[in-house]
Structure formats: C-alpha cells, structure tokens
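For the sequence shown, full-length UniProt numbering begins at 1 and goes up steadily by one.
There may be inaccurate statements among the hints.
[As the list claims (entries may be wrong)] With a straight-line Cα cutoff of 25 Å, these simulated SDA-like cross-link-like pairs (lysine to any residue) come out: (1) 882 with 694; (2) 489 with 350; (3) 161 with 127; (4) 941 with 524; (5) 148 with 124; (6) 882 with 248.
[To be verified] Beta-carbon label-pair distances, calculated as ranges: (7) 929 with 722: 37 to 43 Å; (8) 725 with 640: 24 to 30 Å; (9) 733 with 458: 39 to 45 Å.
None of these hints come from the bench; they were simulated from the model.
We put the CB at the ideal spot given by N, CA and C, even for glycine.
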Amino acid sequence: MNRQKRIVPHYLAVIVAAHVLLALTLTPGCGERTQSPTSPNSTGSSRSTGSTNTQASSDADPTAPPKGASPKNSQAADSRAAGSQAAGSPTQNSKPNLSSPAISKAKALFNEGDVSGARSVLRSQLIADPSNAAVMVLLAQADAMEQKWQSAFDTALPLIKNPATSADALQVIAKAVNASGGHDAYGNPNVAWLAMEKAIAKSPGDTTLRHSIVRLLNHMGDRHRACLHVDQLCRSGHATVSELQSIVNRRNAFEFEDEPSTPAFEWPLGEARLMFTRHQYHEAATLLESQNAQSRLSGAGFALWGISLVRSQDLEAIPHWLLQCPDKATQYAEYWSTIASWLIESKRYEPAIGALLRCVEIDPTSDADYRQLTVCFNAIGFPEVGRVASVRVSKLQRIAGSSEGIHFYPEPDDLRLQMAEQLIEVGRLFEGLQWQSTVESARAKSALTRQQLLARRDLSQLLADSNRLELSPQRFPQPSQKPLLAWAKELIAKDAKVVQDQSDEPSDSGSLDAVPFVDVAGQVGIEFDYLNRKPRALRRIRIHESLGGGIGVIDFDLDSHADLFFAQGSGDPPTTTPDDSDEFFRCLGDRFGRVTRQSGLASNAYATGVGVGDINQDGWPDLLVAGLGDVRVLINQGDGTFSFQETHPLRNHASRSKPQFVCSSVAVADVTGDSLPEIIELGYIDDPDVFNKVKLDPAGEPHGVGPLMFEPAADWLLVNQGDGTFTPEPLETEGEGAATSLGIVIADFDGQRGSEIFIANDLRPNRYWVRSPDDGQWNNLASTNGLALDQGGTATAGMGIASSDFDGDGNMDLHVTNFFNQSSSLYLQRSPGMFRDLAPRFGLTAPTYDMLAFGTQAIDVNNDGQDELVILNGNIEDFTNKGKPLLMKPQLFKLRGSRFELIDQTADDSYFAIPAVGRTLASLDWNHDGRMDLVANHLDKPAALLENRGDDSNGWIQLQLVGTTSEREPVGASVTITVGNQTRTAWLTGGDGYFCTNENVLAFGLGQQPIVDQVTVAWPGGDVQTWSNLQINQRYQLAENEAVAFPLTEK
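Based on the provided sequences and hints, a complete structural model is requested.
Below you can see the structure in the form of structure tokens.
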C-alpha cells in the first residue's frame, strides 16, 4: 500500500495532463537557450540517470566506406589523393604551407572569380610539393565552386585526418552533401554525417543544412538522430509536413515522397531498418549480426539489432547481444525496449518499468512500449497507472491515424489542426505547434506560443515528464548495467533458455513440395460470380464493397454430401436493390446442380457473411445470411426448401432495419450451456456515410477507405429461449462498446466447460468473450490472455481466422490474417486460456507482410498429421501506383520443424499462381476422397472449387459429431485421436473465420498409421466417450451416448 500511495499522485497528475500542458503553452517563462540535438540532454529530463548525448563518434575510421555495401563509383579527382599519399601523405600531421606565393596567387584568382586560373596554379604547386595539404584543400574548394561535388568530396576526404585541414575539408564535404539535399553520401555516409554535424554546430540556424542532414540520417538508418534534427526544425518553426510525418513513428524507416529513384537505404543500417519496418525481423537481426562480426556496427545498429531479436522472438540471444553492446547503444530507445522485453519475460516488472520509462522518454511515439507499461503496472498491482499508459496508447494510435489521413486527404487543414491538438494533448508541444503552423489561419498563434515555450527554463523537464507519464525516475530508475551484465553472464553460463517453451517447437511434419489444388468449379457445375456492385467495382471501392460475399457449406438434405451457398452483393445500395441473387448448389455426387429457386433461397438483398446451424434443433441445418441492415434467418423445412423467418428479434431495433448497418459474420452455437444454440451477429459499420463516394487524393487517385473513418457497429448475442424466440443482448461490457468486427470462431478454447467467442476486429483490439459461470456475464479477456494485439503490441486489421493445434501440444491455436504492412498473427495457446503471438518465430511475418489477407483455413493438405495454412489475399483498392497492387496471389504454407515455409506454385496457369482479389475461404471434402478441398470467393472473378489432387498415399479419418443431450451440432466438442504413440486433437467450431461456415466434419491425416487406436470425444455438456480400433480411410458419424461409430463412407 505504501508503494501505491507514492504512485497514485503521479497518476492523478496525468489525468489532468492535457489541461496543464495546454495552459503551460500560454505561460511565459524566464528564458532558456534552444539546444542542438547534438548536445547532451536535449530530449531528456535533468532528473534522469541516463545520458542523451547523441554526439557519438563513428565506430571505425570515418574515411573508410562501410563494409557490406557498395560505395558509388566516383571519378578519380585528378588522381590527386593517390599522388599526394605516395609523396608524403598530407592526410596525416604534416603542417601545410599556408603562405607560399602560389597559394596567395590562387586565393587572389578565387577572389577575382577565376576558378580555372586558380586551379592551374594549384596543380603546378602540387607537382612541386605533393605533400602540401593546403593546396589540396584549395583544390577541393575549387571543385565545390564549380559544383563538381563528387570530385570535391573525394579530394577533401583524406584531408580530414590532418588537424590543420580537417575543418576546411569537412566544410567542403558538408557542402557536397548539402548540394544533394542529403540524398548523396558519395560512398561514405559516416564522413558525410560527421561533416554535416560539424557544419550544423557552426551554423545552428542553417535550416537548409538541417533538412539535408535529416535526409542523410534517414538514408543511413539512424532514425534517432534524424528525428532529433526534425525536433530542432519544429522548435525553429521550419519542419516540413513530410518531416513532421517522419516523426510520428520514430522507429520505422521513413521515405520522403520526393526521394530520387536511387535506393534510399543502401547502407547496412538503413537496409536493416527497412527490413525491421517490413517485419522482416529475423533478416534484420541476421544482417546486423554480420555487421558486428566485421566490427562495423554503431550504437544505433546495436540497438536495432536488439529490438530485432525481440521482435523475431529470439530472446535467448539477448544475453549474448547485451555482453557485446557498447555504452553508446544506451542512448537509443530500442536498447531500452529490448532490455524491458527481456526483463518482462522473466517477470522482473519493476526494473522493466524503469527501462520502459527511459525508452519512452527518448521515443514518445512508441505505442508498443506504452502498452508494455500497461502490462507491467497491472502485474505489480497498479492498474490505475496501467490505465493511464493504455490511454496514451489509444491517443498515439489516433495520432498515427490522423497522419495517415493527412497523407491521403486532399484538403487536410481540419485534419492538420486535429493532429496538432492530439500531439499537444500528449505533451509533444513543438510538434503540435508546427502542425498548427502548416495551416495559414493558425500560423501566427503557433509562432507566439512557440516563443513563449522556448522561454521556459523548465522546458526539458516538462517534456520529459510528459513522456514518462509524470512518473518519477527516482521511483522507477532505469536498470544499471552491472546487474544486467551479471545476469546475462549467469544465463549464458547455465545455457538457459529465457523464453523457449518446448511445446512451441513442433516436429517436422513431412514433405509437401507443390500446391496440389486445381480449380474444378466450372467442370462440376458451380457457376457463381460475386459482384460487389453492378457493374463490378475494382476501383474507387466503398468500404462495404471491399468485403466480399460469404460461403456456407451445408448438408441441407442429410445425404452426407456438402452443398454450397454463396452470398451475393450486386446493386448499388441504398438507392438500388440487387439484380442478382444469392446462389445455392446441391452436391449430386460427382457434380453440383443449381437449386436456388427450387429451395426458396432466391433473394435481392445485399449479403455478406453466412452462418449454418440447426437453430430449432429439428435435425435439419438452417442458414443465416448477414448483410446490410439485417440478418436473414432461413429455416430448413426438411423437404428441400427453406422458409424465411419473419420474426427476427433485431429487425426493428435502432438502425438495424437501415442499410447503413453493415453486418459482417454470423455464427450459431450454444454459448450459454443450455444445449440450445444462440445466434451471434457481428457488426462492422453503422454510419450513414458508408455509401458515400470514395474521396480522391490531389492526383485524382482513390485513397481507399478504412473502418476508423466510420462509426463502428455493435455485436449482438441472440439468446435462445427454447420456444422459437430469441432475446437480443449486446455483446459488450462497460467501457467496451461497438467495434469493427469481421471474423469469428466459437469453441471451447481452454478445456473448461462452456464455449468462448473470439472475434477478429479491423484496426481495433480483438476480443475474446468468456462467460462467467457465476452470474452469466460476458467478459472480454483478450487483453489479459494475449489475443487483443499482435506480437508488436499493435491493434491490427484482423479479418480471417484459422484454428488448429499448430504446435501439437493439445491446445487450440489461432491464425489471424491482417492488412498489408502488418503480417499475420499466430496465437499459440501456451497454457489453457493464455496465448502468445509467435508469428515471427514461426516464420510468418516476412512472407505475409506485403499481403492484404482475408480468408484463411487450416487443413491437412497431404494427410501427414500436420495442418497447413491457406490464405487468400487481395487489396481493398488498386494502389498499384503506390506499390500495392489490387490483385495478389493466394498462399499455402507448410510447417517444417518450427517454421512455416511458403510453397511456391510452379505451374503458370494454376489457381495459386494467378493474382486475384481473394476474400472468403471455406473447407470441405466435396468428393469424399479423404483429401480436404477448399471453396473460394473473390471480388474480381468467379468462385473456385479447389480440389485437392495431392498424393493419396497417406491414410485419413473423418468424424461427424451429432449431439443428443448437447445441441445437435455440438460446437465446443473436442476430439482426440490416438494413433500409435501419437495423439492429435481437433475442435468443432462455430463461425469458422471470415464470413463462412466449413463442412461440419473433423478431418485427421494419419500418415502411414494402419488403424486409429482410440477416439475420445469431450462433449460440450461434460460427458466423455471413447471409441476404439476404427478403420482408416473412412468417415464416421459419432453420436452422443451411442456406443457404435456409424460409417458414412467407405474407401
């Protein structure tokens, strides 16, 4: 309690921080000098125990080009450098003759503007006295006067080692780099940076120089120093909009829009920074490790290496990294973020807090580190302070969203002022004022406030305290190096594994060398073409038109064959109704027949997701079709037809009858434990602006639409009353209202009685709803169990979900697809109910980073006992001019050992080799050959039935569960099979991911096992049944409380 009393006052101070900061900007102080970013403590608190001195020297000879890079070809610069080196080396400590007649004559000619005459005199003198460094300096200056920048740079380069000529030589080099606007380092970025810093120190008010050094440092990958210079430009009121956008996220690489066509990140640190930004963490760590092996790694490089190890989830390598770190690495935020992650992994939360506070003091833009603070404060029993950090995370995310909007929005004045207000609210005062100054009407006010702020003596303290959430460094000091190094040595000596959980390391699961799927839709009678608008829209796509149509796999006539329902869009809501209907195809054994009208399923509603379940428990599966403004409930009559249920409980609720409500996925499952299935309906958008035309950028190109531009829609739970009626309840808790929900999976995740609901949200934290057995209340536990955010602590654009036991430990895991520049998430359940995103460790980040992914399924493609991952990709708009095409290839991943490997498709005309705008994906075994197939929907082409024609030498078994005391389709049941000395587990789920319902069958690949020794079913009601010695290559029906396994098909 004593600790809490010391902390809470700081927390209370943070509650009113926004008001205090706004007031402070209007209160004049007593004067303070503006500090250069190369001076000590320019961004830190005077109370902090860590140095912020950024004027660290290069690790190696600054005149030597970095290893691992190819310096640009340069001209010989009159062979002056080589000749002078051989004749007496003016680059060392020889004292130049500054008063020779030749030098005096050359200077006179310079003054007369006769550069050519001066050059002639100097060359003659150089022949007579090759070791005269003063002549070399003047020749370099002559090159600069004639704008021969490469020659000027090369001539001056060897002279910086001579104390007598170093200053003049660096000045020439700085001019050469500045002339390129910071784009060109002439093959030697270390020298270029040093020269620019020296020039800035002499002329701190030269904004042109400062703009150039920002570009140079960005190219070099030293984002920390680049951002410090942008900070100075903000203080002086000269930062450009691009420079302001570059400091919204200070850790990632940043490319200015006006960069030349030459590679912007051609040096190793810059290349590694770009890899890190693209989530290629393992590759970035490998590159930086190789640079360290060559003794070419700077402090910035060490810091980036450390955080790359963290993001690639290779924490066992951190002790080795730490023992090699130079002291200069501690000035970088990435260093402290690495230390904090290492400490958190071992539950050393208080020193981790100290490391994180130092980290955010240096870099206040890192929402991931503020989120780590939330975790730490919750862990030590201070949830109030954790909530403060969580609020800061939300504000940073809004700032990032505003910056993205400014990038696209053609008239951004309102958005710029909003951005300024948001930045001032989090204490980034000069950054906010500079955004204000980009708006003409606010320019004078921002300049006055800037002057008042610069006059404050306590300015540095004010800024640092805001970044640290007003928490004292005395209460939470940064960890000292001595105990950290001692602990690292101890771990290395014991060969300890800091995070490696053996259950996360699956064994090699066999070979799969080619994609075995063939699209047979046209051959077997499936002809369906989803239209997001009529005519189809593949440019200027509105948000509801980007989602795609759902797929329901349903055995509607109980003949054990999978029938297919496709949801249609069409039309142009809200003004026109669709001309085209949903379609329904009945499986006739070896082909499909269209039975849409005969079955009563023709419709002119704009549809989205599809759910399947036996709502009235009469033994016949029913259909639920989500769409704009409504969910249609279609009851299977058992005679080959469906009837539309008129009494949907939400039909007249609020805006649900209006098309502005975009319902996404819908699922059926008993989630209250009474053996009666509920209906779960997910909301995406509820906003009248949803149908507005897409805005264009200044070039007339569509910038796309995102969910945060609209009001989100509520999720609903329709509780089955047992008399044919349902009672609607909003699926939310206090403080957690509507979200932009897309994908859903319902299952018994944790092995405790009762099913949980996992929802993938678009740009908002995912949700994991658990029902209390005591009072029946639903609680969202995603934040505490690891499912809310990705491994970097980011709320991603969650869409599709695939469930499986990927690591073979008997617990259900989840794969979630995301937007491009985000990568997939792989949530492995390390203990019941507790998940961790291990996508980097399993090799999924790099190959999914550039993809915008929607539907995904986990199926055992080759029946070897290990599920593969299949992903459909496709953009929401044609951003080809921005490097993000509309069409993208689908992907198939095979798990080999502990890493997923992308299986390339070699046939040019195959489905997986052709880019498309993929959306919904569902699984089935349509032809009962034991090899799982897929059905896919798209925005740009007809639906595909992907028949698995892979190797059929491995055995299999398929199980269909029927509940008797549980609901008839017993979602929440788990099945564990034993074959030889191995056990495998699968779960019957509801929802099945993005807009779809899979075939109601659990499929197991058996490899070469000759028999299934045992099958154990844990039913949702709590009963457990076992069947023994089942034959392979068969599909069985297992009924609750029935002792006999009934074979449905036989091979």
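List, from low to high, the hint numbers that the structure doesn't satisfy. none
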